[in-house]
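Use these hints to put chain B onto chain A, whose structure you have.
Chains A and B supply the protein sequences, listed in that same order. Start counting at 1 in the first sequence, then tack on 85, and there's your number in this note's numbering. Start counting at 1 in the second sequence, then tack on 6, and there's your number in this note's numbering.
Careful: at least some of the hints might be erroneous.
Stated by the list, open to error - Here are the simulated lysine-lysine pairs, DSS-like style, with alpha carbons at most 25 Å apart:
1) B:Lys99 - A:Lys146
2) A:Lys146 - B:Lys78
3) A:Lys114 - A:Lys175
4) B:Lys14 - B:Lys99
5) B:Lys14 - A:Lys138
6) A:Lys211 - A:Lys175
7) B:Lys14 - A:Lys146
8) A:Lys138 - B:Lys78
9) A:Lys138 - B:Lys81
10) B:Lys14 - A:Lys143
11) A:Lys114 - A:Lys146
12) A:Lys175 - A:Lys194
13) B:Lys71 - A:Lys211
14) B:Lys99 - A:Lys175
15) A:Lys143 - A:Lys211
16) B:Lys78 - A:Lys143
17) A:Lys188 - A:Lys146
Simulated from the structure, these hints should not be mistaken for lab results.
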Amino acid sequence: MTLDREQVFERVEEVLIDSLGVDTEDVTKDATLSGDLGAESIDFLDIVFRLEKAFSIKISKGELFPDDILNNPDNVENGRITPAGLEQFKRSMPHADFAEFEKDPSVAKVPDLFTVDTIVNYVQAKLAAA
Amino acid sequence: MRWIWIDKFTEFASRSHGTAVKNVTLAEEYLADHFPGYPVMPPCLVIEGMAQTAGILVGEARDFKENVILAKIRKAEFDDYAHPGDQLRYHAKIESIDESAAATAGEVFRNDEIIGRIDLIFSYVNRSNSVAGLPTHNFVFTDQFMRLFEDIRGETDGQGATP
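Chain A on its own, in the form it takes in the complex:
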């Protein structure tokens, strides 16, 4: 499937509108799924299912939204992500922008890594590799 970034964004936007009941104007590239768009844990699963359908791709568990990194005690210390944890996040999420997060890598800010742009980056990479 050949789609340019704008086309990918439009389909991602549609997925998020359907999944989260948000309006078009809410879905900006920097919008965070949890903070800005109100996604709850089950919504992430819904989003994955919808993306698979919208782009005819298969998304393995934890591929788009890694869910096991915080469970490793070596990755968290006093509510902050350790350097090892940060490295693991970066390896697992090459589609995310860590510039802001690295300044204050607290556990509470992990959800901010999941933005609309994160999804668009992921889908683009996935389609390119197909």
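Same frame as chain A, but now just chain B:
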């Protein structure tokens, strides 16, 4: 209390789709209050009927070994009510399924007319992902439920494997 909102399956294709029917009858107590003088089946109970139809489909896909809980109502649209004397037909199909969850798409027919569309997400709950407070045994597909399932399974049309 029997909390079963489908009467029988008329079609059951394992890991794919299924259809269950529900006959709406004036003998059902809730119709006296919903609404007095204008008995209609509450849409939330129609959703429950679809959740049971689709949930059984999703549970059967794992041989009923894991609990299945309704996690999200993706969509619930209704064009009209069901009245006493109507037969509802819930048609559910599995759209996506993985190790932790399944998404289903469903249509509700009143007699032969489509009156609703209900899409759901179910989570599999097992020992590895259960949350505090939830029992670890199978509290959804109990022996009592399985007996009930035998009762409502009906004569399936043989599409795919039947449970």
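Now the hints, each set against the structure:
Under the criterion of a C-alpha separation no larger than 25 Å, the hint pairing Lys99 (chain B) with Lys146 (chain A) is consistent with the structure, at around 22 Å. Restraint check for Lys146 (chain A) and Lys78 (chain B): satisfied, since their Cα atoms lie roughly 19 Å apart, inside the 25 Å limit. Taking the CA atoms of Lys114 (chain A) and Lys175 (chain A), the gap is near 20 Å; set against the 25 Å cutoff, the hint holds. Under the criterion of a C-alpha separation no larger than 25 Å, the hint pairing Lys14 (chain B) with Lys99 (chain B) is consistent with the structure, at around 16 Å.
The hinted pair formed by Lys14 (chain B) and Lys138 (chain A) fails the criterion: a straight-line CA distance of about 31 Å is larger than 25 Å. A C-alpha spacing of about 17 Å is found between Lys211 (chain A) and Lys175 (chain A), which places the hinted pair at or below 25 Å, so the restraint holds. For the given pair, Lys14 (chain B) sits about 35 Å from Lys146 (chain A) by alpha-carbon distance, which is inconsistent with the 25 Å threshold. The suggested pairing of Lys138 (chain A) with Lys78 (chain B) holds, with an alpha-carbon distance near 18 Å, which does not exceed 25 Å.
Pair hint Lys138 (chain A) plus Lys81 (chain B) holds up; C-alpha atoms about 16 Å apart against a cutoff of 25 Å. Pair hint Lys14 (chain B) plus Lys143 (chain A) does not hold up; C-alpha atoms about 34 Å apart against a cutoff of 25 Å. Distance check on the hinted pair: Lys114 (chain A) and Lys146 (chain A) sit about 24 Å apart at the alpha-carbon level, within 25 Å; holds. With a CA separation close to 15 Å, the supplied pair Lys175 (chain A) and Lys194 (chain A) stays within the 25 Å bound.
A distance of roughly 33 Å separates the Cα atoms of Lys71 (chain B) and Lys211 (chain A); the hinted pair therefore is violated under the 25 Å criterion. Between the alpha carbons of Lys99 (chain B) and Lys175 (chain A) the distance comes to roughly 37 Å, so the proposed pair goes past 25 Å and is violated. For a cut-off of 25 Å, the pair hint linking Lys143 (chain A) to Lys211 (chain A) stands: about 9 Å separates their Cα positions. A distance of roughly 21 Å separates the Cα atoms of Lys78 (chain B) and Lys143 (chain A); the hinted pair therefore holds under the 25 Å criterion.
Of the supplied pair hints, the one linking Lys188 (chain A) and Lys146 (chain A) is violated, its CA atoms being roughly 28 Å apart against a limit of 25 Å.
Going down the numbered hints, you'll see the structure goes against 5, 7, 10, 13, 14 and 17, while the others check out.
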